[in-house]
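Line by line, the protein sequences give chains A and B. Residue numbering for the first sequence follows the numbering used here, starting at 1 and increasing by one per position. Residue numbering for the second sequence follows the numbering used here, starting at 1 and increasing by one per position.
None of these hints come from the bench; they were simulated from the model. Please note: incorrect hints may appear among the correct ones.
List time: in silico DSBU-like cross-link candidates among lysine-lysine, alpha-carbon distance up to 35 Å [stated by the list, open to error]: (1) Lys127/B / Lys140/B; (2) Lys140/A / Lys41/B; (3) Lys180/B / Lys140/B; (4) Lys41/A / Lys140/B; (5) Lys63/A / Lys140/B; (6) Lys127/B / Lys180/A; (7) Lys63/B / Lys127/A; (8) Lys180/B / Lys41/B; (9) Lys41/B / Lys41/A; (10) Lys63/A / Lys180/B; (11) Lys41/B / Lys63/B; (12) Lys41/A / Lys127/A; (13) Lys41/B / Lys180/A; (14) Lys63/A / Lys41/A; (15) Lys180/A / Lys41/A; (16) Lys41/A / Lys127/B; (17) Lys127/A / Lys63/A; (18) Lys41/B / Lys127/B; (19) Lys63/A / Lys63/B; (20) Lys63/B / Lys140/B; (21) Lys140/A / Lys127/A; (22) Lys140/A / Lys63/A.
Protein chains: 2
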Amino acid sequence: MGANAPTIEDGFVVWIEGLPSSGKTTLSRAVADRLRAAGRKVEILDGDEVRQMFSPELGFSRKDREIHARRVSYVARMLARNGVAVLVAMITPYETSRQAARAGVGSRFFEVWLRCPLEVCQSRDAKGLYERSRTGGVAKLTGVDDPFEEPLNPDLVVDTARLDVDASTRRLLDFLAERKLAAPLAAA
Amino acid sequence: MGANAPTIEDGFVVWIEGLPSSGKTTLSRAVADRLRAAGRKVEILDGDEVRQMFSPELGFSRKDREIHARRVSYVARMLARNGVAVLVAMITPYETSRQAARAGVGSRFFEVWLRCPLEVCQSRDAKGLYERSRTGGVAKLTGVDDPFEEPLNPDLVVDTARLDVDASTRRLLDFLAERKLAAPLAAA
């Protein structure tokens with residue numbers, strides 16, 4: 001790294017939560033691109049992929065979702081303590097899961113809630129889940145027939161119904177820069 | 001890091017396999033200490049702890065052991081590609097699991113077989129597993145009533161019945177130094 005590159009070596013975990021189609025995957029990828037361009041090591045732990053690898057046997061009950069969240073936070077913590085910027089993109093509907101993840105990771109854990117009304121998420125329906133839920137193809141879809149508990153203690157709220165991807169990305173990167181976890185963005 | 005510190009930044013996975021009480025945990029801890037002292041980032045993925053976190057629902061059938069090995073190799077790979085020296089300590093009784101782990105991790109994967117006769121392992125019985133097997137408290141103990149397939153393609157074989165911990169540690173560190181993955185040991 002050159003002398004002007006960010007000198008931040010410590011990892012962290014940004015835990016991005018919200019309804020299906022609230023923008024978690026899109027935002028995590030956009031932020032990852034920017035962090036990598038700034039020389040950071042980055043891993044995205046995205047709900048679907050990680051679930052397929054670690055928890056294919058688990059369903060979507062409260063208990064199973066919580067077990068899965070604990071597994072993800074365990075991996076996130078291991079990566080972060082080795083200097084990786086970890087972006088978790090996971091619905092995380094239960095407050096207890098968020099608290100357990102925070103407790104497991106420690107001080108460098110940041111909970112980011114993508115606040116987006118259900119109707120907006122339904123109109124986007126990035127993965128066709130809401131449509132499949134209407135036709136009976138998905139049981140226990142968060143926001144429809146499974147709860148999403150309003151986050152009690154998010155470190156950052158991003159209104160992804162109002163902000164587009166670029167603005168949301170900037171919001172999160174500004175947040176990290178304020179905490180000296182990422183280099184400040186150059187003026188646009 | 002000072003100018004004389006090892007400049008090796010890339011991670012790798014050393015997958016240490018062998019019968020219960022062949023010395024996997026002991027060796028991985030001793031090697032980890034030396035690598036950390038040389039400034040490396042190190043994680044140990046030890047069979048029991050990792051199994052409790054990722055696969056408490058899995059048993060010890062061939063299928064379950066293979067699923068678990070795939071999970072561990074997935075985490076190991078993620079850590080290694082972020083510069084971490086990963087030491088896996090896991091019985092890994094099936095050749096297919098070893099091959100899957102190697103294929104999953106890629107070129108920087110090194111399979112180390114701790115070759116130790118069953119009688120020697122039984123006499124050590126570090127965790128009391130062999131004793132519990134005799135009294136019916138453990139089913140499917142590798143080496144007793146569950147197979148350990150002889151490794152077909154280990155990158156290194158360490159005879160832990162002949163070599164003590166210090167000598168085994170030196171053997172593995174020499175192996176890594178030859179591959180430029182660790183700094184050469186100072187003359188003893």
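Results of checking the hints against the structure:
no., hint, result
1, Lys127/B / Lys140/B, "holds (15 Å)"
2, Lys140/A / Lys41/B, "violated (41 Å)"
3, Lys180/B / Lys140/B, "violated (39 Å)"
4, Lys41/A / Lys140/B, "violated (41 Å)"
5, Lys63/A / Lys140/B, "holds (29 Å)"
6, Lys127/B / Lys180/A, "violated (45 Å)"
7, Lys63/B / Lys127/A, "holds (31 Å)"
8, Lys180/B / Lys41/B, "holds (16 Å)"
9, Lys41/B / Lys41/A, "holds (14 Å)"
10, Lys63/A / Lys180/B, "violated (46 Å)"
11, Lys41/B / Lys63/B, "holds (32 Å)"
12, Lys41/A / Lys127/A, "holds (28 Å)"
13, Lys41/B / Lys180/A, "holds (22 Å)"
14, Lys63/A / Lys41/A, "holds (32 Å)"
15, Lys180/A / Lys41/A, "holds (16 Å)"
16, Lys41/A / Lys127/B, "violated (38 Å)"
17, Lys127/A / Lys63/A, "holds (24 Å)"
18, Lys41/B / Lys127/B, "holds (28 Å)"
19, Lys63/A / Lys63/B, "holds (25 Å)"
20, Lys63/B / Lys140/B, "holds (13 Å)"
21, Lys140/A / Lys127/A, "holds (15 Å)"
22, Lys140/A / Lys63/A, "holds (13 Å)"
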